[in-house]
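Enquirer: Modelling step: build the complete structure from the supplied sequences, incorporating the hints.
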Amino acid sequence: MDIYLLEAIINGVLLGGVLALLALGLNLIFGVIDVVWIAYADIVMCGMYAIYFLDVQYGVPLPLAFLIAIVGMAGFGVLVHLLIIAPVLNSPPLNQLLATGGLLFFLQSFATLLFGTDFRNIGVRLPVLEIASMYVSFARLIAFGIALIGAVALYLFLKRSYIGTAIRAIAQDREIVGLMGIDQRRIYFVVSAIGGALAGLAACLLALQYDVHPFIGNTFGPVIFMICVLGGLGNMIGGFVASFIISQIIAIGGYYWSTELSYVFAFTLFIVMMFIRPRGLFAS
Amino acid sequence: MLSLAAVSAGYGSFQALFDVSLDVSRGEAVGVIGPNGAGKTTLMRVISGIIPMRQGTMTLEGRSIGELPAHRMVERGVAHVPENRRLFPRLSVEENLRIGAFIPAARAGFQERLAWVYDLFPRLKDRRSQVAGTMSGGEQQMCAIARALMSRPKVLLMDEPSAGLAPLVVQQVFDLVHRIRAEGLTVLIVEQNVQQVLEVVDRAYLLEVGAIKLAGTAAELKGNSFIREAYMGL
Numbered sequence: 001m002d003i004y005l006l007e008a009i010i011n012g013v014l015l016g017g018v019l020a021l022l023a024l025g026l027n028l029i030f031g032v033i034d035v036v037w038i039a040y041a042d043i044v045m046c047g048m049y050a051i052y053f054l055d056v057q058y059g060v061p062l063p064l065a066f067l068i069a070i071v072g073m074a075g076f077g078v079l080v081h082l083l084i085i086a087p088v089l090n091s092p093p094l095n096q097l098l099a100t101g102g103l104l105f106f107l108q109s110f111a112t113l114l115f116g117t118d119f120r121n122i123g124v125r126l127p128v129l130e131i132a133s134m135y136v137s138f139a140r141l142i143a144f145g146i147a148l149i150g151a152v153a154l155y156l157f158l159k160r161s162y163i164g165t166a167i168r169a170i171a172q173d174r175e176i177v178g179l180m181g182i183d184q185r186r187i188y189f190v191v192s193a194i195g196g197a198l199a200g201l202a203a204c205l206l207a208l209q210y211d212v213h214p215f216i217g218n219t220f221g222p223v224i225f226m227i228c229v230l231g232g233l234g235n236m237i238g239g240f241v242a243s244f245i246i247s248q249i250i251a252i253g254g255y256y257w258s259t260e261l262s263y264v265f266a267f268t269l270f271i272v273m274m275f276i277r278p279r280g281l282f283a284s
Numbered sequence: 001m002l003s004l005a006a007v008s009a010g011y012g013s014f015q016a017l018f019d020v021s022l023d024v025s026r027g028e029a030v031g032v033i034g035p036n037g038a039g040k041t042t043l044m045r046v047i048s049g050i051i052p053m054r055q056g057t058m059t060l061e062g063r064s065i066g067e068l069p070a071h072r073m074v075e076r077g078v079a080h081v082p083e084n085r086r087l088f089p090r091l092s093v094e095e096n097l098r099i100g101a102f103i104p105a106a107r108a109g110f111q112e113r114l115a116w117v118y119d120l121f122p123r124l125k126d127r128r129s130q131v132a133g134t135m136s137g138g139e140q141q142m143c144a145i146a147r148a149l150m151s152r153p154k155v156l157l158m159d160e161p162s163a164g165l166a167p168l169v170v171q172q173v174f175d176l177v178h179r180i181r182a183e184g185l186t187v188l189i190v191e192q193n194v195q196q197v198l199e200v201v202d203r204a205y206l207l208e209v210g211a212i213k214l215a216g217t218a219a220e221l222k223g224n225s226f227i228r229e230a231y232m233g234l
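So the protein sequences, as listed, match chains A and B.
Each residue of the first sequence is one higher than the one before, counting from 1 in this note's numbering.
Each residue of the second sequence is one higher than the one before, counting from 1 in this note's numbering.
A hint or two may mislead.
[Stated by the list, open to error] Using C-beta positions, here's what the derived DEER-type ranges look like: (1) F110(A) - E183(B): 58 to 66 Å; (2) E61(B) - R279(A): 45 to 53 Å; (3) P52(B) - L79(A): 27 to 35 Å; (4) D173(A) - P122(B): 23 to 31 Å; (5) G109(B) - L79(A): 31 to 39 Å; (6) A153(A) - E67(B): 37 to 45 Å; (7) E175(A) - P122(B): 24 to 32 Å; (8) G12(B) - F110(A): 35 to 43 Å; (9) S161(A) - R228(B): 52 to 60 Å; (10) A153(A) - T57(B): 47 to 55 Å; (11) G12(B) - P93(A): 20 to 28 Å.
[As the list claims (entries may be wrong)] Here are a few chain A residues that face chain B, going by a calculated C-beta distance under 7 Å: (12) Y162; (13) A169; (14) Q172; (15) D173; (16) I176; (17) G178; (18) L179; (19) I182; (20) D183.
[Stated by the list, open to error] Calculated cross-link-like contacts (lysine to aspartate or glutamate; reagent style EDC-like; alpha-carbon spacing at most 20 Å): (21) K222(B) - D202(B); (22) K213(B) - D23(B); (23) K159(A) - D173(A); (24) K159(A) - E95(B); (25) K159(A) - E94(B); (26) K154(B) - E112(B).
These aren't lab readings, by the way, just hints derived from the structure by calculation.
These numbers were taken from a predicted model, which means no experiment stands behind them.
The beta-carbon is built from N, C-alpha and C at its ideal position, and this holds for glycine as well.
Expert: Written as structure tokens, this is what we have:
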């Protein structure tokens with residue numbers, strides 16, 4: 001097998017890890033609260049700015065800056081729920097989309113106003129590893145490893161804990177969980193915090209690889225939505241698998257042709273799949 | 001134990017309950033019978049706090065419970081086995097039971113309570129890791145009752161536990177009511193299966209078009225000519 005193709009495939013797998021993490025967060029929120037956070041990738045952008053300013057401007061050690069970003073974005077997730085989602089919970093889906101879509105424009109414009117359109121970087125240059133004469137970015141390798149650990153931790157939490165079981169239950173029967181002594185509002189806050197924390201974690205992993213600017217959310221936001229819909233909105237395992245399918249299309253397409261064209265392929269596949277399996281690849 | 005006085009409730013502009021008053025004493029089993037659409041399910045949902053009541057008072061052990069939302073009612077000791085069972089279909093049997101023990105007071109003694117429930121429903125122990133939605137109707141009903149018992153309730157509300165079940169299974173469900181009562185629980189049970197429910201309850205109320213039309217001991221109602229003609233087909 002062509003060694004450069006293998007390298008592209010490996011890089012695709014590594015890219016899939018971070019996408020999978022974000023898809024998990026978005027699917028968790030949709031599955032439980034039944035609202036799509038259109039601005040999800042822009043919360044990642046906020047997290048990246050938080051890391052940049054803490055580390056570069058205020059000299060906070062990077063690991064601590066990461067931790068603050070994760071906790072901060074968890075809090076931000078709760079605020080988003082409290083201020084934007086909760087008031088429109090019983091509104092038609094279109095109004096909910098407009099509300100979270102409004103947040104997207106608000107965050108992007110606000111970031112432009114505060115920070116300008118400069119590309120900013122935390123200036124950490126991790127080495128590129130040479131493994132069996134293939135080049136693999138160390139930052140991507142770390143990002144993949146941590147994203148996987150995050151996904152497993154989320155899985156164990158949902159599977160083993162009382163709150164996690166309640167989160168899965170609420171997605172199956174919203175009305176009846178009250179009869180189990182579960183306060184629906186409390187679960188919504190917990191889920192929004194987890195969703196925010198996952199965006200914060202993704203911000204840490206992406207800050208190692210990319211410059212932050214106000215519109216960075218646009219570069220991967222649409223891909224994450226495509227992944228979630230392809231895997232079946234709310235289906236966490238479907239989204240996880242779809243992340244790696246899409247990242248492979250992007251990586252292999254990028255190897256044979258160009259990255260731009262590979263996105264065209266990915267979205268073409270997505271549109272075709274919407275006709276063949278409109279409820280997602282893994283709909284039962 | 002549980003007392004409702006002149007309770008009214010409804011959905012939107014539709015009023016489903018009119019001045020309903022009823023009492024259930026500690027350790028008693030009480031039935032609410034009546035035709036489809038009489039408001040029996042609404043009554044249960046008002047008691048467990050899913051639907052707010054509009055007028056009247058509701059007390060449990062002398063304390064007002066009229067304003068409490070559903071999740072607070074569970075902490076007060078009321079468990080509700082809803083109409084159509086409403087298990088979490090994609091969770092396993094044991095996960096459904098774990099959700100039943102969600103409140104902190106029930107989590108503490110989860111393992112012993114689980115053993116107790118499995119003792120009451122040996123079938124559920126065999127199926128503990130099976131996905132709940134794939135069980136038979138009777139097994140699901142047992143699981144729904146077991147789930148409600150996991151919260152260590154004082155009062156158990158059962159909404160049409162016999163609906164959609166084969167006659168033999170219906171008999172098993174009613175036998176269970178006997179055994180649950182033997183454990184000292186207070187039971188309020190809504191049923192259309194009048195003949196059989198009157199065998200397991202001490203007293204019953206007849207609910208028609210949202211209002212209590214008749215009340216009496218099980219023996220009195222079994223002998224009542226109106227009940228016999230309209231609800232028992234005798």
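Enquirer: Now tell me, hint by hint, if it's right for this structure.
Expert: Comparing the hints with the structure gives:
Between F110(A) and E183(B), the C-beta spacing of about 60 Å keeps the proposed range 58 to 66 Å intact. Checked against the hint of 45 to 53 Å, the pair E61(B) and R279(A) passes, with Cβ atoms roughly 48 Å apart. Range check, P52(B) to L79(A): about 29 Å between beta-carbon atoms, so the 27 to 35 Å window is met. Checked against the hint of 23 to 31 Å, the pair D173(A) and P122(B) passes, with Cβ atoms roughly 26 Å apart.
Checked against the hint of 31 to 39 Å, the C-beta distance between G109(B) and L79(A) comes to roughly 37 Å, which is consistent with it. Remark: the range hint 37 to 45 Å for A153(A) to E67(B) is upheld by a beta-carbon distance near 39 Å. For E175(A) and P122(B), the hinted distance range of 24 to 32 Å is satisfied, since their beta carbons lie about 30 Å from each other. Look at G12(B) against F110(A): about 41 Å separates their beta carbons, and that is inside 35 to 43 Å.
Judged by the Cβ atoms, the range 52 to 60 Å given for S161(A) and R228(B) holds: they are separated by roughly 53 Å. Taking the beta carbon of each, A153(A) and T57(B) are about 48 Å apart, inside 47 to 55 Å as hinted. A hinted range of 20 to 28 Å for the beta carbons of G12(B) and P93(A) is consistent with their spacing of about 22 Å. Checking Y162(A) against chain B: minimum C-beta separation of about 6 Å stays under 7 Å; hint holds.
Proximity of A169(A) to chain B holds as hinted, the smallest CB-CB distance being about 5 Å (cut-off 7 Å). Nearest Cβ of chain B to the Cβ of Q172(A): about 5 Å, under the 7 Å cut. The hint holds. Because the smallest distance between the Cβ of D173(A) and any Cβ of chain B comes to about 6 Å, under 7 Å, the interface hint for this residue holds. At about 5 Å, the closest approach between the beta carbon of I176(A) and any beta carbon in chain B falls short of 7 Å, and the interface hint on this residue holds.
Taken as an interface hint, G178(A) checks out: its beta carbon lies about 3 Å from the nearest beta carbon of chain B, inside 7 Å. At its closest, the beta carbon of L179(A) sits 5 Å from a beta carbon of chain B; the interface hint therefore holds under the 7 Å criterion. Hint status for I182(A) relative to chain B: holds, with the closest Cβ pair at about 5 Å, below 7 Å. Against a cut-off of 7 Å between C-beta atoms, the interface hint on D183(A) holds, since the closest Cβ of chain B lies about 5 Å away.
Between K222(B) and D202(B) the CA atoms are separated by roughly 11 Å; this keeps the pair inside 20 Å, and the hint holds. Taken as a hint, the K213(B) and D23(B) pair is honoured in the structure, with Cα atoms around 15 Å apart against an allowance of 20 Å. In summary, the hint linking K159(A) to D173(A) is supported, as the alpha carbons are separated by about 17 Å, within the 20 Å threshold. Among the hinted pairs, K159(A) with E95(B) is consistent with the structure: their alpha-carbon atoms are about 9 Å apart, no more than 20 Å.
A hinted pair counts as satisfied when its Cα atoms are at most 20 Å apart, and K159(A) with E94(B) qualifies at roughly 12 Å. A threshold of 20 Å between alpha carbons decides the hint, and for K154(B) with E112(B) the separation of about 17 Å falls inside it, so the pair holds.
Checked against the numbered hints given earlier, this structure breaks none of them.
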